[in-house]
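**Q** Residues per chain are reported as follows:
Protein chains: 2
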Amino acid sequence: MSEKLKVIDSDVHHSLRSDRDLLPYLADTWKDRVARAGLGLLYSGYYSPVGVGRQDAQPPGGGPAGSDPDFVVKQLLEPYNMEHAILTGNLFSVSVGHDPDFAAAIASAFNDYTIEHWLDKDPRFKGSLLVALQDPYLAAKEIDRLGSHPGIVQVVSSSASRMPLGQRFYHPIYEAAERNGLPVAIHPGAEGAGQANPPTAVGYPTWYIEWHTCLSTTFMAQLTSLICEGVFEKYPRLKVVLIEGGVSWLPHLMWRLDKNYTALRSQVPWLKKLPSDYIREHIYLTTQPIEEPSQFIHLKQIFEMFDAEHMLLYSSDYPHWDFDSPDHILKWLKPEQRRRIFYENAKQLYGL
Amino acid sequence: MSEKLKVIDSDVHHSLRSDRDLLPYLADTWKDRVARAGLGLLYSGYYSPVGVGRQDAQPPGGGPAGSDPDFVVKQLLEPYNMEHAILTGNLFSVSVGHDPDFAAAIASAFNDYTIEHWLDKDPRFKGSLLVALQDPYLAAKEIDRLGSHPGIVQVVSSSASRMPLGQRFYHPIYEAAERNGLPVAIHPGAEGAGQANPPTAVGYPTWYIEWHTCLSTTFMAQLTSLICEGVFEKYPRLKVVLIEGGVSWLPHLMWRLDKNYTALRSQVPWLKKLPSDYIREHIYLTTQPIEEPSQFIHLKQIFEMFDAEHMLLYSSDYPHWDFDSPDHILKWLKPEQRRRIFYENAKQLYGL
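Same order as they appear, the protein sequences are chains A and B.
As numbered in this note's numbering, residues 1 to 352 make up the first sequence, in order.
As numbered in this note's numbering, residues 1 to 352 make up the second sequence, in order.
Hints in this document: simulated from the structure, not taken from any laboratory.
Careful, some of the hints might be misleading.
[To be verified] Residues from chain A that face chain B, not an exhaustive set, calculated with beta carbons under 7 Å: (1) Pro-49; (2) Val-52; (3) Gly-53; (4) Asp-56; (5) Pro-164; (6) His-212; (7) Thr-213; (8) Thr-218; (9) Gln-222; (10) Leu-264; (11) Gln-267.
[As the list claims (entries may be wrong)] In silico lysine to aspartate or glutamate, EDC-like type, Cα no more than 20 Å apart, as pairs: (12) B/Lys-259 / A/Asp-327; (13) B/Lys-300 / A/Glu-304; (14) A/Lys-259 / B/Asp-258; (15) A/Lys-259 / B/Asp-307; (16) A/Lys-300 / B/Asp-322; (17) A/Lys-121 / A/Glu-178; (18) B/Lys-259 / A/Asp-322; (19) B/Lys-259 / A/Glu-292; (20) B/Lys-300 / A/Asp-258; (21) B/Lys-259 / A/Asp-258; (22) B/Lys-300 / A/Asp-307; (23) A/Lys-300 / B/Asp-307; (24) A/Lys-273 / B/Asp-307; (25) A/Lys-300 / B/Glu-304; (26) A/Lys-259 / B/Asp-322; (27) B/Lys-273 / A/Glu-83.
Where a beta carbon is used, it is the ideal one built from N, C-alpha and C, also for glycine.
Chain A on its own, in the form it takes in the complex (with noise of 0.2 Å):
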C-alpha cells in the first residue's frame, strides 16, 4: 500500500442544531428576532416587531390565529354584528414564488380548503378566490373551476408582481373573472418576496415599518397600470378591490393621472374618459388600516375628494396585529355614509 494521502477539505459546511444555538451569543434586541422569525429573514422578508397576529386572537383550542372558524365568529363576527366577513386567506406569496404550476396548485388547494372548512360550514364566511399571478391561464381555469361556487365572492390575488397588473399579460385573470361576475381583489403581504418586484420604486428598505408604509405605492402603481392599459374598455363590467392599501393617497393619483392623460392622452387612445372616472365606477378600496390625521376633519376632506361613501368598503384586517374595530374608527361619518361604507356596499358589490 502507498502511503496515505494527507487532507485539508476546505469547505466544509458545519451547522447549527436549531437558530436558537445563535441566541446566547447575540445582543437582545436581535435575539428576539430570531427567536420569533429564524434565521430565514437574512434572505427574506421584513420582520414585523409587534408579529402578525393579534395575542389574542390565537384559537383557544390551539392553533394559529384566524384558524379556527368557530372562534372568529365568536371573536369578531358576533361582537360585531357582522353579517357577513369576507375572507381572504393569508397566502398571497402563492403569486411570487417561482415554478406557476406548485403555486397553482397550493391555490386551488387552499380554495378548496377554504369551502369545506368555512365557506360550507357557515354562510355568514364569504371567500375570496385565491389565484397565482404566474400563469394567468391556469389562475384563469381556476376561476372557472370554482366561480360558481355560491360562497366565493371575489378573486383574490397578491399585490405584489413582476410586472404591472394592467399589462395584457394578466388579462386571462380579469377575462374569467368578469366571465364569472366576480370582482378583482389584490392584497398585500408578498411585496418584495420571491421573484415580486422590489417592495419600493427605489428597492429594498431596511426595515418592517418603510416596507409597510410604502405598501400603498404598490397600489398606486397597480392602479395607474390598470387604468392606462385600458382594462376597464376592456373588461367593462369588471370591479377592482384594493385591499390594505391605504385610502388618502386616492385624490392625489385621480389629479395626476386626470392632469397627465391631459396632455399625454395619445398614448391611451383606448381610454373614452378620464381616469379618475374609471376609478370612480370600477374601483373599490377597503378601509383598514385607515389614515388617523390628528385631526380628523382632515380625514373627512380626503373623503369628500372622490367618491367615499360609494367606494370604501369596511375591513378589519382580523386577526392582525393592526385590525381596526368597527366601534373605533371612522365615527365622524354621517349615519347614511356609515351603513354605505360599513355594509352597504359590499352588499351590492358581493351580491349578499
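Start from chain A and add chain B according to the hints.
**A** Just chain B, lined up with the frame of chain A:
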C-alpha cells in the same frame, strides 16, 4: 490547390443606414416615435409624445431649449419678475450608469460648465452641484471641491437610485452637504434607466404617462427611507428638497408614517420625534407639476394638512413641456402665502 470550401455564415448583422430607414414601413403612430426618439427607445426610456422641451423655448441662435443663458433671462426671469433661478440641469442620468468614475467625471465637468457659462456670468442664476450616486465618497469630494463657490446653493442628485437614499451607503453625501451648508435636492428623470431600480414598486410600466404619474411614488419611498434611517438625527442641519415629485401625497405619507411609527418605533430607536416632525423641519418640496383638482378648494385643503406655506418652493420646470407659470398656478393662495411660496422660502433656504 484543394477545392474551395463552400460556406454558409449563419450570423451576419446587416444594418439600417439610419433609424429613419424604417419609417416607410411603420404606421403613423410609431413613425413619430422613431423619427423623434430613435430605436434606442426599444431598450431604454419612456417616450413622451409631447416631447420634453417647450417648443417656444428653443433659443433663436440655435441649440436645445435651456442652453442659452441670455434667452433664459429674456424668456423666463424678466417676464416673470424672477430675482433668482435655481439651475438644476438635466443630467440626472449620471447616477444610473455602470461606471462610477465616468459618472463622477461627467458630473464634475457639468458643474465646471455651469459655473463658467451661467453662474459667473449672471448672479441671478444660482447653481445646484450635480453629484452621481454610484460612489458617495466621490460625490462628497465634489461637494468639497465646489461647495463653497458663491453661486452654488445646493447639491442635486437623482431621485432614481439602486437602493433607498436613506441607507448608510449614501451618508457621505449628506455629511459633505451639511459640512458645506448646502441642502440636498433630488430630481426625477432617470427612473428605470440604466442600473436604477425599476420605476415603480411593481416593475416597468408600459408608457410615459404611467412612468410620469408614478414618479411621485419614488419620492414617497425616498422620503420614508430618509426619515426611518435617521438621516436627520445624524445630520441635524441637513435640508432636503424634493423637486418635481408632486405635493398632494404628503399628508397621506405623514399620517401613514406616524401611525406606523406609533406601533413600530422599536425598529427605529434613533428617531426622537414623529416622522412628520422631521418632515416639517427638514423637507422642502417644489411645486411643479402642481396637482390641479377640478375644485381648487381641495388643493387648498391639502395645503392646510401640512405646513405648505413654509415647505413649498415655487418652480417652473423651465423649459420642459409641463412648465408652470407663476401667473397661472396657485392663484387662490393668500398674498402672504404666495409671497412665501414664490419667493421667501427659497430666499431663506438658499441664503439669497
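**Q** Going through the earlier hints one by one, which of them does the structure break, listed in rising order?
**A** 2, 3, 4, 14, 15, 16, 17, 21, 24 and 27
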